[in-house]
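**Student:** One-letter residues, chain by chain:
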Amino acid sequence: MDTVQLTIDNKPIVVKKGTTILEAAKGIGIHIPTLCHMKLDDLNIENKPGGCRICIVEVQGRRNLAPACCTEVSDGMVVNSHSIRVVNARQTVMELILSDHPSDCLICPKSGNCDLQSLAHQLGIREIHYKGEQSTYREDTSPAIIRDIDKCIMCRRCEMMCNEVQTVGVLSAINRGFNAVVSPAFEMNLDHSVCTYCGQCVAVCPTGALTEVNHTSKVIRALSDPSKTVIVQTAPAVRAALGEEFGYEAGTLVTGKLVSALRRLGFDYVFDTDFAADLTIMEEGTELLNRLSKYLEGDKDVKLPILTSCCPAWVKFFEHQFPQMKEIPSTARSPQQMFGSIAKSYFAEKMNIKREDLVVVSIMPCVAKKYECGRDEFKVNGNPDVDYAVTTRELASLIKLANIEFTKLPDENFDNPLGESTGAGVIFGTTGGVIEAAVRTAYELYTKKSLPRLDFDELRGMEGIRHATIDFNGFPLNIGIAHGLGNARKLLEKIEAGESEFHAIEIMSCPGGCIGGGGQPYHHGNAEILKKRQMAIYREDKNKTLRKSHENPYIIKLYEEYLGKPMSEKAHSLLHTEYFDRT
Amino acid sequence: MPKIKLSENTVNQIKEVCTEFNNKEGELINVLHKVQKKLGYLPAEVQEVIAKELNASVAKVYGVVTFYSFFSMIPKGEFPISICMGTACYVRGAEQVLSEFKRQLKVEVGESTGDGKFSLNCLRCVGACGLAPVVMVGEKVYGRVAPSQVKEIIKEYQEGCPSGNAKTA
Chain A
395 MDTVQLTIDN KPIVVKKGTT ILEAAKGIGI HIPTLCHMKL DDLNIENKPG GCRICIVEVQ
455 GRRNLAPACC TEVSDGMVVN SHSIRVVNAR QTVMELILSD HPSDCLICPK SGNCDLQSLA
515 HQLGIREIHY KGEQSTYRED TSPAIIRDID KCIMCRRCEM MCNEVQTVGV LSAINRGFNA
575 VVSPAFEMNL DHSVCTYCGQ CVAVCPTGAL TEVNHTSKVI RALSDPSKTV IVQTAPAVRA
635 ALGEEFGYEA GTLVTGKLVS ALRRLGFDYV FDTDFAADLT IMEEGTELLN RLSKYLEGDK
695 DVKLPILTSC CPAWVKFFEH QFPQMKEIPS TARSPQQMFG SIAKSYFAEK MNIKREDLVV
755 VSIMPCVAKK YECGRDEFKV NGNPDVDYAV TTRELASLIK LANIEFTKLP DENFDNPLGE
815 STGAGVIFGT TGGVIEAAVR TAYELYTKKS LPRLDFDELR GMEGIRHATI DFNGFPLNIG
875 IAHGLGNARK LLEKIEAGES EFHAIEIMSC PGGCIGGGGQ PYHHGNAEIL KKRQMAIYRE
935 DKNKTLRKSH ENPYIIKLYE EYLGKPMSEK AHSLLHTEYF DRT
Chain B
595 MPKIKLSENT VNQIKEVCTE FNNKEGELIN VLHKVQKKLG YLPAEVQEVI AKELNASVAK
655 VYGVVTFYSF FSMIPKGEFP ISICMGTACY VRGAEQVLSE FKRQLKVEVG ESTGDGKFSL
715 NCLRCVGACG LAPVVMVGEK VYGRVAPSQV KEIIKEYQEG CPSGNAKTA
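Chains as they are written, first to last, in the working numbering: chain A, 395 to 977; chain B, 595 to 763.
Keep in mind that the hints were calculated from the coordinates and are not lab data.
Any given hint could turn out to be false.
Cut-off 20 Å, straight-line C-alpha distance, at most; resulting in silico cross-link-like pairs (SDA-like, lysine to any residue) [what the hints assert, rightly or not]:
1) B/Lys646 / B/Asn616
2) B/Lys646 / A/Ser512
3) B/Lys618 / A/Thr561
4) B/Lys646 / A/Arg883
5) B/Lys599 / A/Met582
Anything over 10 Å on all C-beta distances counts as not near chain B; from chain A, calculated [stated by the list, open to error]:
6) Arg570
7) Glu750
8) Leu792
9) Lys843
10) His861
11) Glu922
From the three backbone atoms N, C-alpha and C, an ideal C-beta is built for every residue, glycine too.
Sequences are here, hints too, so could you generate the full structure?
**Tutor:** And the structure:
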């Protein structure tokens with residue numbers, strides 16, 4: 395017997411054996427409230443420690459209440475999801491959780507986006523009857539992430555992301571009972587740990603326990619300083635998600651309004667990281683072809699596969715976990731850093747602005763970008779190429795702060811010369827996009843032929859590890875794609891064991907790629923949102939007249955006027971980097 | 595936390611224990627037990643070796659070590675004293691017994707005496723509730739301990755090891 399009959403709230407239902415009460419109820423439109431539970435469909439990500447007890451329901455004939463998230467249905471089961479007993483117990487559980495939680499919602503960075511807050515509201519909590527001691531813990535501030543453990547409710551979502559999905563293994567529950575907290579080993583601070591700052595813990599934290607380091611006040615200060623020229627770049631994934639903060643349906647592209655808003659905030663030039671993404675393709679694509687032709691000439695020492703290097707969390711991951719392989723990734727800097735470097739050299743010279751008077755702000759879907767722009771190798775005499783990286787969420791708060799009515803803004807265009815981009819630059823925002831963009835350019839440079847098609851459906855999707863073979867004029871180029879660091883680890887272990895047949899591999903740390911970045915509007919466990927953002931990215935690509943990086947006229951001009959050719963000495967010093975052993 | 599350097603011999607000892615349990619992550623608690631028995635305690639560096647050998651994260655190993663009161667990250671005294679704080683022992687006066695040990699030895703819970711002879715710890719239920727309150731010195735169990743007997747117990751060990759196997763490791 396593979397199916398089970400039961401009733402939930404008097405509604406009869408037939409479901410597959412092994413289904414939980416929670417899933418069965420969801421199937422008939424009954425949403426049992428949850429807190430610690432989180433499931434991202436299609437990404438194989440689920441957290442169900444059964445710890446919070448918010449999802450308890452009454453099962454006829456069962457002595458105690460059952461946690462719906464981890465109780466499987468059985469034949470003839472009669473479930474009541476909101477009997478008086480259930481509602482009372484749920485409120486009690488909530489009050490007990492709140493009794494050890496600060497009540498500073500008004501000034502909490504998570505206010506308005508907090509699952510705990512909205513659940514307390516939904517459950518109608520007006521008083522906390524349990525006055526007792528509150529646990530306190532020191533605050534831990536790293537270059538990208540802040541841990542405010544007083545607000546932790548021990549849902550263990552961060553721990554699941556950090557260990558099972560990302561296999562980084564920084565966060566674990568430690569100590570016991572009232573003293574239990576989620577912490578790195580030996581209670582060290584994050585910046586001493588092997589944390590990659592991918593921010594997936596921040597993305598799933600239901601409360602204000604894990605948040606990004608906020609740089610909005612620094613940006614405001616720069617914008618109001620008359621002696622500074624402040625320019626901004628926005629990453630591809632931002633335009634596919636920012637709208638959610640202003641009530642738009644997930645997957646709505648708001649590129650034009652985003653540009654408008656940035657101009658109204660007072661940025662002197664509104665540029666696009668997509669431009670730098672096109673530049674990345676020129677460098678990384680050339681590097682791939684160089685390594686490939688050496689390989690085809692029989693050079694045994696050439697390092698293949700080449701791995702992408704756009705993602706700062708991924709870079710930090712292999713520097714900690716696979717330092718012996720640090721020669722394999724492309725030496726190309728990430729688009730954020732390429733942009734900063736070109737802005738503070740080419741653009742500054744062109745506009746006759748002194749380096750120290752030029753402030754480069756980037757809008758990123760990512761919290762690791764905050765860490766990346768602070769890395770020493772991306773500074774000249776202590777002055778960083780990118781001064782501040784703010785997340786999509788921080789940008790939304792800046793727009794609200796400046797009384798800008800986002801939905802009423804006209805659509806505007808990016809400034810030039812660093813604002814023009816192709817569809818190839820846009821798709822950097824999703825898993826599979828960087829390698830697709832690279833293929834579009836590398837193919838034409840290698841075969842000297844025009845691509846018969848531009849959409850590589852075989853590289854797209856949400857599967858954790860994907861592979862495809864692209865025919866490069868008779869040479870089968872084997873491509874691998876991984877998103878989520880756990881999947882990246884699997885590919886790296888294969889390479890290390892000499893079992894990899896790939897020539898090029900794209901890696902993004904966050905599930906879904908940058909569209910699912912740790913700095914994006916919170917998805918609250920709804921993976922549909924990520925898929926809609928991904929579709930929006932491909933739509934934006936399709937709408938572009940130019941869809942191949944090497945056809946971007948401003949990229950061509952940049953090489954003619956300034957860099958020479960890809961991988962030239964100048965390009966090397968401005969656009970490439972090296973990696974460090976961090977063990 | 596001051597870093598200590600493990601000798602090659604110690605590292606090999608740890609690795610041996612891990613191999614004995616097939617380097618399985620699921621055997622973490624058993625590995626920790628055995629290593630603590632050998633070395634007396636589980637400092638950070640030891641946990642790092644174990645994590646590497648079992649292919650587990652150090653955070654996880656540390657999480658387990660800090661969850662169970664049996665595991666210790668500081669060296670235990672020659673004669674580790676444990677006072678049971680389980681419900682039965684507690685209601686029958688374990689706390690007074692503990693205060694008396696603290697007063698006599700001039701140490702807090704989790705600390706060792708300056709001469710390294712005694713360390714003081716609490717534990718949860720040794721399964722001898724009928725004898726509550728229970729005190730253990732090494733592996734020797736003392737039942738129905740009254741605060742007035744504390745001085746006597748300490749004295750037994752100050753004069754040397756009286757009954758065989760109280761010593762650890």
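**Student:** Against each hint, give a clear statement of whether it holds in the structure.
**Tutor:** Do the hints match the structure? See the list:
1. At most 20 Å may separate the alpha-carbon atoms for a hinted pair to count; B/Lys646 and B/Asn616 meet this at roughly 13 Å.
2. For the hint pairing B/Lys646 with A/Ser512, the CA-to-CA distance comes to about 41 Å; that exceeds 20 Å, so the pair is violated.
3. With a C-alpha separation of about 17 Å, the suggested pairing of B/Lys618 with A/Thr561 holds against the 20 Å cut-off.
4. Restraint check: the Cα-Cα separation between B/Lys646 and A/Arg883 comes to about 16 Å, which is no more than 20 Å; the hinted pair holds.
5. Distance restraint check for B/Lys599 and A/Met582: the Cα-Cα separation of roughly 19 Å lies within the 20 Å cut-off, and the hinted pair is therefore satisfied.
6. Listed as outside the interface, A/Arg570 is inconsistent with that label: its C-beta sits roughly 5 Å from the nearest C-beta of chain B, within the 10 Å cut-off.
7. At the 10 Å boundary, the C-beta of A/Glu750 stays outside the reach of chain B, the nearest C-beta of that chain being 40 Å off.
8. At the 10 Å boundary, the C-beta of A/Leu792 stays outside the reach of chain B, the nearest C-beta of that chain being 35 Å off.
9. With a least CB separation of 47 Å from chain B, A/Lys843 remains clear of the 10 Å interface cut-off, as annotated.
10. Distance to chain B confirms A/His861 as a non-interface residue, since its nearest Cβ pair spans about 25 Å, more than 10 Å.
11. For A/Glu922, the shortest C-beta to C-beta distance to chain B comes to about 31 Å, beyond the 10 Å cut-off, and the non-interface label holds.
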